[in-house]
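Read top to bottom, the protein sequences are chains A and B. First residue of the first sequence: 616, per the working numbering; consecutive thereafter. First residue of the second sequence: 150, per the working numbering; consecutive thereafter.
Quick caveat, the hints were computed from the structure, so don't treat them as lab data. Think of the CB as a built atom: it goes at the ideal place given N, C-alpha and C, for glycine as much as any other residue. Treat the hints with caution; some may be incorrect.
Here are a few chain B residues that face chain A, going by a calculated C-beta distance under 8 Å [what the hints assert, rightly or not]:
#, residue
1, D157
2, Y160
3, F181
4, H182
5, G209
6, D212
7, N213
8, E487
Listed next, the stretches of chain A that the computed footprint assigns to chain B, with coverage defined by at least 3 CB atoms under 8 Å from CB atoms of chain B [as the list claims (entries may be wrong)]:
#, stretch
9, 628-635
10, 670-680
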Amino acid sequence: MPDHRLDLPQGTLDLLILKALTLEPMHGWAISERLHQVSKATLQVPQGSLYPALHRLERRGWIKAEWGTSDNNRKAKYYALTAAGRRQLASDAEAWARLTAAVALILRMD
Amino acid sequence: MLAEHWADLRYRLRALFRRSDVEHELDQELAFHLAHATEQYLAQGLDPAEARRRARLEFGTVDNTKEESRDRRGTALLEATLGDLRYALRGLLTHPIFTAGVVVALALGIGANTAVFGLIESVLLKPLPYPHPDQIVSLALIDPRGQVPGGGPIVTDRAFAMWQRDSRSFAALAALSGGSAVLTDAGDVEEVSGAEVSGDFFSVFRVTPLLGRTLSAADTRAGAPPVVVISQALWERRFGRDPRTLGRTATLDGVKREIVGIMPSGLQYPSAADYWIPRDVSPGTGNIVAFFTAVGRLAPGRTLAEATAELQAIQARAESALPPRARGARVEMLTLHERLFGSARGPLLTLLGAVAFVLLIACTTTANLFIARAAARRREFAIRTSLGAGRGRLIRQLLVESVLLAALGALAGLAFPVWGTRVLTAVIPSTVGHVPATSLDAWVLLFAGVVALLTGVAFGLTPLASLSWSNLSGVMKASAPGAGGGNQGRARQGLVVVQLAAAVVLLAGAGLLIRSVAAFVALDPGFNPRHVLAVLVDLPRTRYANDRARSTFYDQLLQETRALPGVVVAAEADAVPLFGFSMITRFGVDGAAPVGEHVEEAAVNRVTPGYLAALGLTLKQGRWFTPADAPGAPRVAVINEAMAEARFPGTSPIGHRLFIRPPPDTKPGTLPDQPLIVGVVGNVRQVGDQIEPIPEAFFAAAQDSAAAQALTLRTSGPPLELLASVKRTIATIDPSVAVWVGVDLSDVYARTYADRRVDALLMSAFALVALVLSALGLYAVMSYLVMQRTREIGMRMALGASAGQVLRLVIRQGMTSTFLGLGLGLVGAFLLTRELRALLFRVSATDPSVFALVAVVLAVVAFGACYLPARRATRVDPMTALRWD
């Protein structure tokens, strides 16, 4: 069966993670599941790069990590959006909107 | 913004210091993820094993994810470097011989550089240890001929008095006369060096005494009580740091002086002085001119140039009263630092250049060893590459290793500056004068660190050039020792070429300096300085105001020293070679008054008959003086060859008469008896070897009214052993007479070329190290190439190649490198040896014979280095070679 799922454009994973965390703190697995579901299974989140991305965001202070217990009583690391992360998301989202609008404009030209 | 940085820092610190916690959390996190994924597949109805497999497959390599996550923590570089360091240390410890070889080579290179830098720092870069040292200047008056009489930077008492009276450029101006004195109380009799100084001396240096006071103008006045200021060193040595030393007396050359001050060890002028005694430096009324060393402190805001111009103007005003030919003396003013160390700059920078070449050779040697080791480690690198180590990672590993080695080398090399500068300062005292103690201060350490780092990077990167990365994976398959080795063979040969070239440059430099020394030694000074004690005394002007009083003193001195045991011949003269001063007078010949431009100038030297034997002059024609050449006898003269050639070319001067313009106080009409030339002696280099002998006329001292002033003794034993008894003799004749100079003439003579000898010695040592290292490098590369080509050689021999052909094959390869290095080195030497020009004597900077000899020496040594491996190649057994794998 041909794979119709899309690869993530470079650099958008951070944006998607931040967006996914706006509702509630989540652990890594939940984030990957959510991205998969919300994109209606069209986005291929490379699971191997999810964790390095999470660690990078944590280091920059945009998300913070806490150990908690998952729904089935297992220890899991939960990531939550920080205030800095919220600001970052806002500016990234805006930049993204402008970028996609511009790209769409160009693609529509012919 | 700040908060972000703070989060970043906190995160990194935790990652670094709570590493195992962080690692554990990462493991747990990933395990949690995989468990969820597995559950999902289980829920879809897959069996547990398959579910786990799918989950893992989807996730990718766990280790890669971990590694990447670690990288994202931002501490990866540091952690990996620490890992590399541990790994490198382990690697070095398992190859102790390699490690020791590299560390020794680098210790030599870095250590020698650091030692020379330490010397340069303390001599050239550090300011003198006095307040505002740039204001302290040294003054000299250079006579119109451009020569400094006596060789040192001196001024006359008259000029000094004039400057002191008229100049407004100085905060303080002082004259001094350095010398030595015999200290006869407070323990053993000891000769100590020190100076007689004018009242302002201590205002020039502005050094506060440890105890007591300094000297002032009041101390120099006639009738002032005799006092002395001593050094901290003498205070510690002779008085045991006793604070009650002040007020005690020290007997210097028989004069009891009250100790009024103790100067800290920081005051080192004159160098290593132990005492300073006051002296009135104002000119006397007689016609004797006293010479002093002069130092001054510029008034705030005055520049060296302004002060020089002012003194020059004062000098010109004074000279307007003199006849034209006596005018034109030049005032030379340098900062004291420049005066003391300026002449050391050239030799020191040359030394630095030479040790830089030694470092270059040490680096190439090390790089060569590294390449050899890298070749042995190709398999290791290949394995690491296939396990996912990136190219950058391997480069980092190599750099960590090489910098670690360089650091070890530097550490070992730091022992060098400690004893290296001690050796250097011991052998070059006359070049550098007093060398301040070199210590491992921050600058020297920084220098060593930077050199080590650069060195490590430089030789650490060379093996990279030789490893062909694209082939690395192929290496694992290949097992022949030389597989893919052509590339490194070339790299190593390239390094050998560089080494040989550097060795050629050093050899050429050493060769030129050795030839300079040889030219010096071969030079006949015209006298024999061995076993000669020269003594110059200072007659107090008040008591020896006229010629008669002086003659009486000198006659008695000559009589009594002649009788001393150990004295072979005693003589007196105006001038002792290399020392003392000659008067220069104009002569006519045979009644013709010296007029116009075509008259001869000659140095006048009034001597006693013993002078010829005491100094070992050679009589060329006629006769020398005898005791019969007394006041009543006909006046006679002996001239030197330079004068004979200038005035009597092609004929014998004997029988001609010199014509001397009568002194101004001669009664008109009475012409003094004109001296008859009775002999010709060989030239004596009175001023030193650098200056060609000038015409010189000798007269019998007994027939002249003025006395000769330098005592010259040929001794049977070491001359300085006699100095004490000569001083005692002088004290018995007149205790107020001080010995101004008492030297072993061979010391003075050796000093005239000691610098050259030391330069040549050091350069030769460096060149020898360079030659040995590069020969070893060539030998190692040739051995390696022979080993690498064993199979090929065996094949050739199996196909009928003779031993001679194999020998030629290998030697040709080695000699190609040799000639490349030789050519490169000769070009480099041609360009660089001109920097040595100031240090050369009677040798051109591109002397063809030296260059040719260097080429021959290098070629012969290199041939030897190639021949041994080549011989080994001829013994290759074809069967062994073919079975090599």
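Tested hints:
Satisfaction of the interface hint for D157/B is found here, the shortest Cβ-Cβ separation to chain A being roughly 6 Å, below the 8 Å cut-off. Residue-level restraint check for Y160/B holds (minimum Cβ-Cβ distance to chain A is 4 Å; threshold 8 Å). Because the beta carbon of F181/B sits about 5 Å from the nearest beta carbon in chain A, less than 8 Å, this interface hint is met. A cut of 8 Å between beta carbons decides the hint on H182/B: the least distance to chain A is about 5 Å, and the hint holds.
Below 8 Å, beta-carbon pairs count as interface contacts, and G209/B has one with chain A at about 3 Å; its hint therefore holds. Evaluation of the D212/B hint against chain A yields a violated restraint, the C-beta minimum of about 10 Å exceeding 8 Å. The closest approach between the C-beta of N213/B and any C-beta of chain A is roughly 6 Å, which is under the 8 Å cut-off, so the hint is satisfied. The restraint placing E487/B at the interface with chain A is violated, with a minimum CB-CB distance near 58 Å, outside the 8 Å limit.
Three residues within the 8 Å Cβ limit are the bar, and the stretch 628-635 of chain A against chain B gives 0, so the coverage statement is violated. Coverage of the stretch 670-680 of chain A by chain B holds. Counting CB-CB distances below 8 Å, 6 residues qualify, and the rule asks for three or more.
Checked against the numbered hints given earlier, this structure breaks hints 6, 8, 9; the rest are met.
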